[in-house]
Each structure stands twice: as structure tokens, then as C-alpha cells.
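S.K.: The chain contents come next:
Number of protein chains: 2
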Amino acid sequence: MAKEAKLRRSARLADLALRLLEEPGRTFSLGQLARTYGAAKSSLSEDLSILREVFLRAGIGTIETSPGAAGGARYVPGISRERAENFVHRLVEEVTRPERILPGGFVYLSDLLGRPDILRDVGRIVAAAFASVDVDVVLTVETKGIPIAYAASFALGKPVVIARRDGQITEGSLVTINYLSASSRSIRTMSLSRRAIAEGARVLLVDDFLRGGGTIRGMQELVREFRAEGVGAFVFVEGPAGSGRVVEDVASLVKVEEIDADARTIRAVPGSIFSRAWPSSPWGGLFQI
Amino acid sequence: MAKEAKLRRSARLADLALRLLEEPGRTFSLGQLARTYGAAKSSLSEDLSILREVFLRAGIGTIETSPGAAGGARYVPGISRERAENFVHRLVEEVTRPERILPGGFVYLSDLLGRPDILRDVGRIVAAAFASVDVDVVLTVETKGIPIAYAASFALGKPVVIARRDGQITEGSLVTINYLSASSRSIRTMSLSRRAIAEGARVLLVDDFLRGGGTIRGMQELVREFRAEGVGAFVFVEGPAGSGRVVEDVASLVKVEEIDADARTIRAVPGSIFSRAWPSSPWGGLFQI
Numbered sequence: 016m017a018k019e020a021k022l023r024r025s026a027r028l029a030d031l032a033l034r035l036l037e038e039p040g041r042t043f044s045l046g047q048l049a050r051t052y053g054a055a056k057s058s059l060s061e062d063l064s065i066l067r068e069v070f071l072r073a074g075i076g077t078i079e080t081s082p083g084a085a086g087g088a089r090y091v092p093g094i095s096r097e098r099a100e101n102f103v104h105r106l107v108e109e110v111t112r113p114e115r116i117l118p119g120g121f122v123y124l125s126d127l128l129g130r131p132d133i134l135r136d137v138g139r140i141v142a143a144a145f146a147s148v149d150v151d152v153v154l155t156v157e158t159k160g161i162p163i164a165y166a167a168s169f170a171l172g173k174p175v176v177i178a179r180r181d182g183q184i185t186e187g188s189l190v191t192i193n194y195l196s197a198s199s200r201s202i203r204t205m206s207l208s209r210r211a212i213a214e215g216a217r218v219l220l221v222d223d224f225l226r227g228g229g230t231i232r233g234m235q236e237l238v239r240e241f242r243a244e245g246v247g248a249f250v251f252v253e254g255p256a257g258s259g260r261v262v263e264d265v266a267s268l269v270k271v272e273e274i275d276a277d278a279r280t281i282r283a284v285p286g287s288i289f290s291r292a293w294p295s296s297p298w299g300g301l302f303q304i
Numbered sequence: 016m017a018k019e020a021k022l023r024r025s026a027r028l029a030d031l032a033l034r035l036l037e038e039p040g041r042t043f044s045l046g047q048l049a050r051t052y053g054a055a056k057s058s059l060s061e062d063l064s065i066l067r068e069v070f071l072r073a074g075i076g077t078i079e080t081s082p083g084a085a086g087g088a089r090y091v092p093g094i095s096r097e098r099a100e101n102f103v104h105r106l107v108e109e110v111t112r113p114e115r116i117l118p119g120g121f122v123y124l125s126d127l128l129g130r131p132d133i134l135r136d137v138g139r140i141v142a143a144a145f146a147s148v149d150v151d152v153v154l155t156v157e158t159k160g161i162p163i164a165y166a167a168s169f170a171l172g173k174p175v176v177i178a179r180r181d182g183q184i185t186e187g188s189l190v191t192i193n194y195l196s197a198s199s200r201s202i203r204t205m206s207l208s209r210r211a212i213a214e215g216a217r218v219l220l221v222d223d224f225l226r227g228g229g230t231i232r233g234m235q236e237l238v239r240e241f242r243a244e245g246v247g248a249f250v251f252v253e254g255p256a257g258s259g260r261v262v263e264d265v266a267s268l269v270k271v272e273e274i275d276a277d278a279r280t281i282r283a284v285p286g287s288i289f290s291r292a293w294p295s296s297p298w299g300g301l302f303q304i
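Residue numbers (my numbering), protein chains in the order written: chain L, 16 to 304; chain R, 16 to 304.
If you are wondering where the hints come from, they were derived from the structure by calculation, not from laboratory data.
On a predicted model such as this, the values are computed, not experimentally measured, just so you know.
Here a beta-carbon is modelled for each residue, glycine too, at the ideal position from N, C-alpha and C.
Be careful, since some hints might not be right.
Restraint-style ranges between C-beta atoms, simulated for each label pair [as the list claims (entries may be wrong)]:
no., chain 1, residue 1, chain 2, residue 2, range
1, L, R282, R, G215, 33 to 43 Å
2, L, R203, R, R105, 35 to 45 Å
3, L, T42, R, T51, 27 to 37 Å
4, L, P113, R, T51, 30 to 40 Å
5, L, A73, R, A49, 14 to 24 Å
6, R, N101, L, E214, 30 to 40 Å
7, L, R203, R, R112, 29 to 39 Å
8, L, E240, R, E108, 24 to 34 Å
9, L, P82, R, S290, 42 to 52 Å
Sequences and hints are given; from them, build the entire structure.
M.R.: The structure is reproduced here in C-alpha cells:
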């Protein structure tokens, strides 16, 4: 009997973990959970405390509980400082491997953008950094930003919208903007279906690589066309600033400081999302756990 | 003391669940887990049995354990029949909403492809259906197939490679093929970096929408150029067959049978991945759990 109760509790805890992980950010009412599991609210509160410890120790975020009769619990995705630092240091090592240097001073990143293990932690870092800004939707422009957008989406539990480069979209009426690519000094286009973003939505702008910042600025403009609000911007890798940036306040995961194609060396450091990750900054949420 | 032991066990079980979920398909040695948790192998075996029940009941796959001194455990992602059927019925309802009909007989699906809750279950269904073919890498062509590819990737724990439509890729030497789009009767192009797929890799081909099948056939050709092997093909939605298909054996999640733009009706049913999902078929893995 004692053993059975013990087993039941273990199983309930694991099931509760799955349920919370499946829908990050969603608040589950304590009363509803108590009915689902046929358990007392007090036992569930105890379960949630244990789970919080487990999640924090694993470095994947925390569980927030709200007290009272209408009390509930939700999984707040995030990442511990230790896990984030280990991750970004491995990433910097990866990014600076000389065989990544491509003609024209580009860096081969596609393999990293294809790996679900990397994207999972990227998503957690984005979720932690933008926890306080209450994102409704993640916006990117095809193609290479898409993996980063989905990484954020899976962690935040919020949808992705993808702006297209060509106007050849069979998606009804479009909103199209032309913008200046700051690095290539050429006019580029991005289009999005009129129904893709709701008025007033809080939009996180995401891309794979930041050069001059033209694409991010283009996204900001596109968001305004929808009467929505850009609440943050994130890139996987930030390149050398070169002849300056047309946007400020873009959080990056890795910052490439120098690419020397002749010497075949890349120098990189952890990106701005880390240097800003302190309580007094807008990215203060990152390492609260 | 008894209580403390109970708590410790609950926490261990939840932590084990997180660990297994994080790396689908990876085998963890029982000995290693026992050392990590400072627990006896017999207790861990018991934990794994409980977790297996919890995973099966949640309908998200199972835990396989191998016995013996070198024994281990791994999370095999999948989906229960009940969960898959509920999911696909909701999806069919969504897809057939009249406001999805676009000029030219197209169907607006981008919002569905943007939703992480939908993509999670899509990934589980793909993982279940292709469990027996041992996928190394998931291939898609930009743009709309990419979310489906990442859904599969997150569930399977395997990387994604994305073929590009234009040759303007800064990724070193490319493999490019031209192929005939069976539906639009035009020549199209797909390119992939020479380093993107290893020789002999087992490749799952993924796209959002199947019309004539030209794109899937193009991907098959591309895979052969890498001396790799296409081990399966999956699309989110299969359109009306119209004037025939140039490929066979593509698994689909939803099958649109008819789009009547004038009457503003779409007729759809669960796709071929379900009709084939029986033990005697290649998709037999789908509903074993």
C-alpha cells in the first residue's frame, strides 16, 4: 500500500512534468490538476515544489505558482547561467573552426542551424531573455532565420510567421515593403500575408546573422504596417560591425569580431545577450534562475 | 526518512523524464544512470517501468530498455492511436474552413505551419511512422516545408538540411539539380551545399504540400547525387491527385480531396499515413503503442 502510493506519486510527478513542458507559459489551475489526478491540492502544491527544484537543477527554466483559490502553475521556460555559459562556449568554439570560412568572408553555419540539440538551448536562451516582454508571435524572413524562429517558438509556445522574399505567394492579399540592405547596398523586398499578424500583436524579430541590420529594420517597418509592435530583436550570430549598423539593441548569441579569410581565422566571443544579461538591463530575466 | 526517500524518488523520476525527452533515440546506459543518481540499477529499472507507463498514457511514445550488464534505456518518440486520431480530426476540421480557400485553388496553411502545438504532434506522428527506417537526416526545400522538417527533427532528434531555390548561396561548392514541377509544368532548381549530406546517409524527404510530386522526385534525385539514400517521404497536406503523380509512396497527414473555389468548400480526410498505419504495412510502427 505504501509502495503503491509511492509509485502513484512518482508517476503523477512525471506526468505533471510532461504536461507543463508541452505548453510553456500556459497556466494550469490547481483545482483542475487536483481533479485530473484525484489528489489533494496540498499534495499537488508539494509536487510542484519538487518539480520546480528538478527543472531549476536541470537548468531549463522554472515553475511559477500563483496562490489562492484560483491558484495555478505554469512552466516558465528559461536557462540557468551555468547551462547557458557552457552552451555558448561550445558554440563559440564551433563557430570559429577555420573550415567554416567561406569565400567572401562568410561563415558556414547551416549545419549548426540544422541541429535540434543546439536549437533547443537557443530557444531557451531566447525565452529567458525575452520573458519579460510578453511575446505574441515570432517573425523572421526566409530562409536561414527560420530555424532560429522555430527554436524560439517551441520554447515560448508562441507561433511563427515567415516573411517571404518574393511576392509570388499564394496567400491572398499581401503587405510588401522594400528596404535597403545595409551591407549589400541593394534594395530588397519582404512580403507577408495580410492575415499573418493581428493588430496590436507583440512581435519578436529573429534572424540568423546580423550584418548592417537592414533586414531587422525592414522587419520593424513591416510590423508597423500591421499596426503591431516589435518588442525585441534576436540574431544567432552577429558579424563584425564594419561600416556601422542601422539598428540598435539587437541581442546576439555569438559575436564574430573578425574573419580573416587569408589567414583562415575567425575570432568570436559570446554575444550581446550575455553582456546585457544582468538584472539592471532589459535582458535581466536571463539569469534570474 | 520514509518521506524523504519518497521525495527523492519522485524527483529522480521527473529528472529522468526530462533527460530522456531531451535526447530522443539516445541510449543511456543503466550503469551510468545509476551512478548519476546514486541509485541501484534495480531501482532505476523500476523507475523506467513507471516512466514507460506515464509516456504511453500521455500518448507521446515509449521507453525501450535493453537488458543485461550493458543494458540501457532510450526514449522512442511516437504517438498513441487515440492522440493521433484526435489530432488529425481537429486538423481536418481546421483545413476545411472555407476562409482558407485562396485564388487559384490554393489553401492557406501558413498559420497552421506556424503553431508549435501542431508541429509537436506532427513531429510525433512522423517519428512513429518512420521509426523503423532509421533516419539520419531530414531534407526539405525552402520555404514552407521547413516547419515540417523541424517538427520531424525535434521529435526524431536528427538534423535538418534545407535545399535552396536559388543558386545564390554563400556555402562553398554546391550540388544543383533542375527538375520538372509536375503541377506547374515548369523547370525548377534546388541546390545544396556539397558538405550538407554525408555519403550513405539515410534521408527522410519532407514537404508541406504534395501536388504532382515533382518536388519530392527532385529531392530523391538530389539525395542520389550525394550517394545518400531516401528512406521515406512525408507531406503535411496532400492535394487532389488531379492529372496524376510522378511519385508513389508519399505519406501524408491530411488529404484534400476537392477544392471548389466557387462554392467555397474544401473536402478533406485523414491522409495516407493513417490508412497505411497497420502492422502489415511499412507504416506499421505508427500505432504499435
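S.K.: Decide, hint by hint, whether the structure agrees.
M.R.: Hint check results:
The beta-carbon spacing between R282 (chain L) and G215 (chain R), approximately 35 Å, falls within the hinted interval of 33 to 43 Å. Here the CB-CB span from R203 (chain L) to R105 (chain R) is close to 38 Å, well matched to the stated 35 to 45 Å. Between T42 (chain L) and T51 (chain R) the CB atoms are about 32 Å apart, so this pair conforms to the stated range of 27 to 37 Å. The beta-carbon spacing between P113 (chain L) and T51 (chain R), approximately 36 Å, falls within the hinted interval of 30 to 40 Å.
For the hinted restraint 14 to 24 Å between A73 (chain L) and A49 (chain R), the CB-CB distance of approximately 19 Å keeps it satisfied. As the Cβ distance of N101 (chain R) to E214 (chain L) is approximately 32 Å, the hint placing it in 30 to 40 Å holds. The hinted range of 29 to 39 Å is satisfied by R203 (chain L) and R112 (chain R), whose Cβ atoms lie roughly 34 Å apart. Distance hint check: the CB atoms of E240 (chain L) and E108 (chain R) are about 31 Å apart, consistent with the given range 24 to 34 Å.
Distance hint check for P82 (chain L) and S290 (chain R): the Cβ-Cβ separation is about 50 Å, which falls inside the suggested range of 42 to 52 Å.
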